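Guided by the hints, dock chain C onto chain Y, whose structure is given.
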Amino acid sequence: MSRSLQGLRSWLLQRVTGVYLLVYLVYFFIHLLIGNASGYEAWRGWMAQPAVAITTVLFFTALLFHAWIGLRDVVMDYVHPFAWRLSLLALIGGGLLSMGLWVLLIMIPLHI
Amino acid sequence: MKHANNAPRYLNLFRIHLPITAVLSIGHRIAGVVLALTVPVLIYLLDISLQSQAGYAAAAGIFDGAGARFFTALVVWAFAHHALAGVRFLLLDLYVGIAKPAARASAWAVSLGGALVFLLAAAALL
Numbered sequence: 032m033s034r035s036l037q038g039l040r041s042w043l044l045q046r047v048t049g050v051y052l053l054v055y056l057v058y059f060f061i062h063l064l065i066g067n068a069s070g071y072e073a074w075r076g077w078m079a080q081p082a083v084a085i086t087t088v089l090f091f092t093a094l095l096f097h098a099w100i101g102l103r104d105v106v107m108d109y110v111h112p113f114a115w116r117l118s119l120l121a122l123i124g125g126g127l128l129s130m131g132l133w134v135l136l137i138m139i140p141l142h143i
Numbered sequence: 200m201k202h203a204n205n206a207p208r209y210l211n212l213f214r215i216h217l218p219i220t221a222v223l224s225i226g227h228r229i230a231g232v233v234l235a236l237t238v239p240v241l242i243y244l245l246d247i248s249l250q251s252q253a254g255y256a257a258a259a260g261i262f263d264g265a266g267a268r269f270f271t272a273l274v275v276w277a278f279a280h281h282a283l284a285g286v287r288f289l290l291l292d293l294y295v296g297i298a299k300p301a302a303r304a305s306a307w308a309v310s311l312g313g314a315l316v317f318l319l320a321a322a323a324l325l
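Residue numbers (this note's numbering), protein chains in the order written: chain Y, 32 to 143; chain C, 200 to 325.
These aren't lab readings, by the way, just hints derived from the structure by calculation. A portion of the hints provided could be inaccurate.
Computed footprint of chain C on chain Y, listed as stretches where at least three residues anywhere in the stretch have a Cβ under 8 Å from a Cβ of chain C [unchecked claim]:
id, segment
1, 38-51
2, 73-80
3, 94-101
4, 132-143
Only a predicted model underlies this, so the values are computations on that prediction, with no experimental measurement involved. Using N, Cα and C, we set each Cβ at its ideal position, and we do this for glycine too.
For reference, chain C alone in the conformation it holds in the complex:
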């Protein structure tokens, strides 16, 4: 275990150069937590939208406020990043794009794709 003893021990995030694949993975996790927090909101909207005409109108009007639009754009990013990164992980499980250059390229594509979807959602909503 000579290697283990010589390995750097500090965990200062500003001194560790994270590869894009790691950034994507942490983003997938953060996006997943964000999406989990929106689940009760989704169920609430389903609930009121099916109860009455007024509830349906209230659910449809959720995008009216500026704050709600910002959070919606954030949730759209979380979904885009989480879904794209998830599909990438599924392909990696099948040994598709497993070589390092391909894996790095797909990590860039997913991260930039998620950012692009966020910008499009923000432009459409804000």
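If we strip away everything but chain Y, and leave its shape as in the complex, we get:
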């Protein structure tokens, strides 16, 4: 995609991820409210179901991209010195990337 369309791509990604986050959360809270099983075994068993695990990993992926676009916009609006801007964006990007790896390290052992 050309450079001039990068802003549009972020704009669209922010909306697509936003919709997915909302749909997942509605599904998650409906399960919590009407699911008749509770406790550790039921929770772990539910999270280990392939459909739930995949949609949950997708949820965190969407969440981290959504947070990246939002935080990047905030930094670019308010932080102007180049060194500060670069350091903050690197810190935020590194933090979000680490969180993504953390989610994978939590979810993958459930399936081994």
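Chain C in isolation, oriented as in the chain Y frame:
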């Protein structure tokens, strides 16, 4: 560019009368930053809740402290405001409610809706 030269230049927030749509937009941004800060907490809770029975109990017991309950109510507000304002922005993108009176009315509805959810969460938690 005559208009640009005559425009007021001061940026004193106490002298600028922000319309409700602007208040909602800034609230959406602040709530978004608050929610981003809670992401590592959420992942941590997911982590310990799936590790062991004791971890699950610890994650479920996070609402026990008064301080934790206050922060939870704050995060509930941030989520309610961010999600409601987000849906409003999506509708505006589709030209739904784009006329000024409708946009102002929906901005009030979202802001008051978020405040109401905060009060309900605070009443339930505190």
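Here is what the structure says about each hint:
1. 38-51: Held - the segment 38-51 of chain Y has 3 residues with a Cβ nearer than 8 Å to chain C, which meets the minimum of three.
2. 73-80: Coverage by chain C holds here, the residue count being 3 at a Cβ distance below 8 Å.
3. 94-101: This one holds; 4 residues, not fewer than the three required, reach chain C with a Cβ under 8 Å.
4. 132-143: Coverage by chain C holds here, the residue count being 4 at a Cβ distance below 8 Å.
Every hint from the earlier list agrees with this structure, and none is contradicted.
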